[in-house]
Amino acid sequence: MQIYINGRPCPPTGETLADIVEQFLVDRNDLDARSRLAVGTAHNGIFVPREQRRRCRIAPGDRIEILVPMQGG
Amino acid sequence: MLTLLGKPLASRLFLGTARYPSLDLLSKTLMTARPGLITLAVRRPTPGLVQPRNFADMLEVLATPLLPNTAGCHSVMEAVTTAELAREMFRTSWIKLEVIGSKRWLEPDGVGLVEAATILVAEGFEVFPYTTEDLGIAERLLRAGCRVLMPWAAPIGSGRGLENRAGLLRLRAAFPDIPMILDAGLGRPSHAAEAMEHGFDAVLLNTAVAESGDPLRMALAFASAVEAGRLAFEAGLVAPRQNAQASTPEEGKAALG
Numbered sequence: 001m002q003i004y005i006n007g008r009p010c011p012p013t014g015e016t017l018a019d020i021v022e023q024f025l026v027d028r029n030d031l032d033a034r035s036r037l038a039v040g041t042a043h044n045g046i047f048v049p050r051e052q053r054r055r056c057r058i059a060p061g062d063r064i065e066i067l068v069p070m071q072g073g
Numbered sequence: 001m002l003t004l005l006g007k008p009l010a011s012r013l014f015l016g017t018a019r020y021p022s023l024d025l026l027s028k029t030l031m032t033a034r035p036g037l038i039t040l041a042v043r044r045p046t047p048g049l050v051q052p053r054n055f056a057d058m059l060e061v062l063a064t065p066l067l068p069n070t071a072g073c074h075s076v077m078e079a080v081t082t083a084e085l086a087r088e089m090f091r092t093s094w095i096k097l098e099v100i101g102s103k104r105w106l107e108p109d110g111v112g113l114v115e116a117a118t119i120l121v122a123e124g125f126e127v128f129p130y131t132t133e134d135l136g137i138a139e140r141l142l143r144a145g146c147r148v149l150m151p152w153a154a155p156i157g158s159g160r161g162l163e164n165r166a167g168l169l170r171l172r173a174a175f176p177d178i179p180m181i182l183d184a185g186l187g188r189p190s191h192a193a194e195a196m197e198h199g200f201d202a203v204l205l206n207t208a209v210a211e212s213g214d215p216l217r218m219a220l221a222f223a224s225a226v227e228a229g230r231l232a233f234e235a236g237l238v239a240p241r242q243n244a245q246a247s248t249p250e251e252g253k254a255a256l257g
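So the protein sequences, as listed, match chains A and B. Numbering-wise (this note's numbering), the first sequence opens with residue 1 and increments by one. Numbering-wise (this note's numbering), the second sequence opens with residue 1 and increments by one.
The shape of chain A in the complex, shown without the other chains (with noise of 0.2 Å):
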């Protein structure tokens, strides 16, 4: 099984979107403690609120966004 966490294809590190962003931030210690905080998700090109994404669960072939505040014009 494969699912796409911002654009690279990669193998499910659990079975919802949650557990996905636990890993996705374990993996990236780089990332400071309010960015970490404040990651944005979203799911197929939905939306998936912090709250929700527990309930959010993962399948085969799933585009997956993990996005955090970044300098903008």
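Hints are not guaranteed to be accurate.
Reference listing, derived: stretches of chain A covered by chain B, where coverage requires no fewer than 3 residues with Cβ under 8 Å from a Cβ of chain B [unchecked claim]:
id: 1; segment: 8-18
id: 2; segment: 25-32
id: 3; segment: 45-53
id: 4; segment: 61-72
Simulated from the structure, these hints should not be mistaken for laboratory data. C-beta atoms are modelled at their ideal positions from N, C-alpha and C, and glycine is treated no differently.
Dock chain B against the given chain A, drawing on the hints supplied.
Okay, now just chain B, sitting in the frame of chain A:
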């Protein structure tokens, strides 16, 4: 002091936060110029793209009101999802809505913009639409529930100033009670002063400051220009005349010739 949608803002100069040589310089520039609003984006934390580390900390310290954007979105749904993400991440319902049509000119897609604005207003957002000087699109955006308009001066990053001055002035005149922020394409402080002289409520720029030789000094130059232009607008500009008119009265002039 500008009050925008009930929120008092410290300055009529709004700044983007991208393209600075370093996070440190960005931070110093914002601390010194004290813009009324700063714009931000939502992105993947791609290593090397930008510096996420301490960026969120800096925002907390600055305490400047935030205006996240939907930069780079070319479809309505992409823009709507980005706005929803931004609301949660930045804890604000204000959104700078960009739905881009032309990739080359980064020109707003007016039809997509109206559609996205309609959806977002219904979801409770305060939508700041990045639009052109098109009167019909502006009318539709206001009907969709936008309470602010953000027309471009020129294409993003072009530094060309008020390219379609007549069109922008028509837009300003058509909706005198709508807060209007001139966004994008300003290259010089004099462009900002000109916009403010014409009665725009604020200006938003990024590249002209971030890519100047000295962003900190350039931000201060823009801040001064914005203030000067606003003062001039409030004072009332004299109408241009076709012919000369002596400033010094003729009356009482000595007969020396």
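Okay, the hints, checked on the actual structure:
Chain B is given as covering the segment 8-18 of chain A, and this is violated because 0 residues of the stretch bring a CB closer than 8 Å to a CB of that chain, at least three being needed. Given as covered by chain B, the segment 25-32 of chain A passes the check, having 4 residues with a CB less than 8 Å from a CB of that chain where 3 are the minimum. Coverage of the segment 45-53 of chain A by chain B holds in this model, with 5 residues showing a Cβ closer than 8 Å to a Cβ of that chain against a need of three. Requiring three or more residues with a Cβ within less than 8 Å of a Cβ of chain B, the coverage given for the segment 61-72 of chain A holds, as 8 such residues are present.
Violated hint for the displayed structure: number 1, the only one.
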